[in-house]
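From first to last, the protein sequence lines stand for chains V and Y.
Under UniProt numbering, think of the first position of the first sequence as 1, with each following residue one higher.
Under UniProt numbering, think of the first position of the second sequence as 1, with each following residue one higher.
Derived from the structure by calculation, the hints contain no laboratory data.
Please note that a few of the clues may not be correct.
Identical chains share a label here; the pair holds if one copy fits it or two copies do between them.
Stated by the list, open to error - Result set (EDC-like, lysine to aspartate or glutamate): computed pairs, CA atoms no more than 16 Å apart in a straight line:
hint: 1; residue 1: Lys43; residue 2: Asp59
hint: 2; residue 1: Lys62; residue 2: Glu205
hint: 3; residue 1: Lys58; residue 2: Asp46
There are 2 protein chains.
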Amino acid sequence: MSQYLNYAIQLAQMVEGQTGLNPPVGAVVVNRGRIVGIGAHLKKGDKHAEVQALDMAKDNAKGGTIYISLEPCTHFGSTPPCVNKIIEAGINRVVYAVKDTTLPSNGDSILQEAGIDVEFRHQPDAENLYKDFFITKRQSVPMVTVKVSCSLDGKQATDTGESKWITNKLVKKDVFKLRHHHDAVLTGSGTLNADNPQYTTRIEEGKNPIKVILAQNGNIDFNLDIFKNTNTPIWIYTQNEALVTDIEHVEIIQLTNCSVENIMKNLYEKGIGRLLVEAGPTVTSEFLQSNYTNKLIIYYAPKIIGGSGKYQFFHTDKIIDLSEVPQFEIVDSQMLEQNLKLELRKK
Amino acid sequence: MSQYLNYAIQLAQMVEGQTGLNPPVGAVVVNRGRIVGIGAHLKKGDKHAEVQALDMAKDNAKGGTIYISLEPCTHFGSTPPCVNKIIEAGINRVVYAVKDTTLPSNGDSILQEAGIDVEFRHQPDAENLYKDFFITKRQSVPMVTVKVSCSLDGKQATDTGESKWITNKLVKKDVFKLRHHHDAVLTGSGTLNADNPQYTTRIEEGKNPIKVILAQNGNIDFNLDIFKNTNTPIWIYTQNEALVTDIEHVEIIQLTNCSVENIMKNLYEKGIGRLLVEAGPTVTSEFLQSNYTNKLIIYYAPKIIGGSGKYQFFHTDKIIDLSEVPQFEIVDSQMLEQNLKLELRKK
Chain V
1 MSQYLNYAIQ LAQMVEGQTG LNPPVGAVVV NRGRIVGIGA HLKKGDKHAE VQALDMAKDN
61 AKGGTIYISL EPCTHFGSTP PCVNKIIEAG INRVVYAVKD TTLPSNGDSI LQEAGIDVEF
121 RHQPDAENLY KDFFITKRQS VPMVTVKVSC SLDGKQATDT GESKWITNKL VKKDVFKLRH
181 HHDAVLTGSG TLNADNPQYT TRIEEGKNPI KVILAQNGNI DFNLDIFKNT NTPIWIYTQN
241 EALVTDIEHV EIIQLTNCSV ENIMKNLYEK GIGRLLVEAG PTVTSEFLQS NYTNKLIIYY
301 APKIIGGSGK YQFFHTDKII DLSEVPQFEI VDSQMLEQNL KLELRKK
Chain Y
1 MSQYLNYAIQ LAQMVEGQTG LNPPVGAVVV NRGRIVGIGA HLKKGDKHAE VQALDMAKDN
61 AKGGTIYISL EPCTHFGSTP PCVNKIIEAG INRVVYAVKD TTLPSNGDSI LQEAGIDVEF
121 RHQPDAENLY KDFFITKRQS VPMVTVKVSC SLDGKQATDT GESKWITNKL VKKDVFKLRH
181 HHDAVLTGSG TLNADNPQYT TRIEEGKNPI KVILAQNGNI DFNLDIFKNT NTPIWIYTQN
241 EALVTDIEHV EIIQLTNCSV ENIMKNLYEK GIGRLLVEAG PTVTSEFLQS NYTNKLIIYY
301 APKIIGGSGK YQFFHTDKII DLSEVPQFEI VDSQMLEQNL KLELRKK
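Bound conformation, chain V alone (with noise of 0.2 Å):
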């Protein structure tokens, strides 16, 4: 493992959720054992993490090594190629840890024909960065990850409804993360309707997410305190045509049907990369059963909560057969206190 890949891959970690539908993406430029140029993608539009450290790096870049925790692009898109800068820099060698598989991979042949030296050394640290955005990017449909507070025996409320019990200081602090590393939140009126929630981000300096509505039947209140935050964009997506609203910064999405790939398709071509599930069981297990879950976080609370489970986080209409149920491995638990964190990728 290089220290210097290594860094390169720490850059692309501080920037991610904040890149839109590109990749975070970071680079670091070396020459006779000295770090000359440091960079990271900030921004979808913005200059490409390669760019920014040979920008960085000025004439210091002449005969040095490129470390990117990402394959450099070959094509013109929002900016130019990047292969194309790093042969005019004048860049001896360039090492990279991750195959970009969404893009036609003609890059080593064509830094290789300006001599220059080209090594792909795969680093799991920076696969696990890609994974998901390589699948999603094909499917043109956001990353999804589904966020689940709940008690023990798998229950986001007691069937009266009450939920406040569920989640301690440390929780609420690390959801505040999620959400900042996130482009959007979605969530469904009927939780709208009864818990009132703001989705914000409480962190120092914390992005909020764009907040996104499911409301299929139009059965929202527009007094509630979401709305009253105008700093960030809420868009609503319905099934009923008479749901308007004069409220600035809140857009009515109409479809013919809400369906999850439906509003998948629209978030993204919209510039949604990565959403965040905050819901109640309905919309957390619509979620749980399609196809566009990639991540699953649960918070435990030390609790056994019984009741009927009218608001058990996974409930389907039809029972589901053993062999087709939702696949996910654990690739992280951590205790917060008395709660705990259980992160999970979907198979």
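Position chain Y relative to chain V; hints supplied.
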């Protein structure tokens, strides 16, 4: 702990060992919850970290916050004051992790008079990065790390001088990293003549430190391997006026008294901010007895070798009273397979 301040500290750590007499510094500019610029001080004389980050951010800096691992400077050194640049960029808030106690600390008030919020947010991680820097800068001497490889009974070699058994591969790699993060490595002519070492950094694109040889009496064999590598300058300190060479990358520095103190002051004048001492018992013991050792790193091999202790790493002519022996505190311990690494700081 702010994540952005943490990122600034990570950036500083990436350039540790390449800034000579200057401290390693990292900076991150944030605006409306997004990183808009990142920077690090890459080399003494180059732009400071704040300037790199603000240059990357351009107009996006306006109204933003800059997070810096170290208090921004207010003086004209090799570059103009960073506080001016911060004010010109239209930054709203400055958050830094460590106060620079070696500079007149009027930065806060200059920034505040310009209407900028300033917050000093103490970070233990960052403090460890600068503690020794502050001490040595005031004395105009390099930060000194003494490295020792020895048996469990404190010997660098058997009485016959055998020492090849001492370190395993992981230790060798770790020592290469140590060298990379120092400006120069110092040894004595005795070790050089006995072991014929090269003091190179065999990690990918590692920076080879300048080699400093202490040869009080001028007893140097210029046919040794160390003189064959012409990539890195070699400086020889001696009291012997007759010692000369025409090897191009070798500089002979005559001092009337080759005391540790005189060599330290001279090295600092020549731009050495971080010195690694890798020597035999005599030079090692001299440094450990002096006031110029900041860090001691010991690699223990799982052997007890006995003998008379001719090569014990710390031996002194005088018996030192127990109340006056050099005091250290262990800051880290790590197993490198069967070798134990201890990291200590002078108290």
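How the hints compare with the structure:
no.	hint	verdict
1	Lys43 with Asp59	between (25 Å within a copy, 14 Å between copies)
2	Lys62 with Glu205	between (37 Å within a copy, 15 Å between copies)
3	Lys58 with Asp46	between (18 Å within a copy, 12 Å between copies)
The structure meets every hint from the earlier list without exception.
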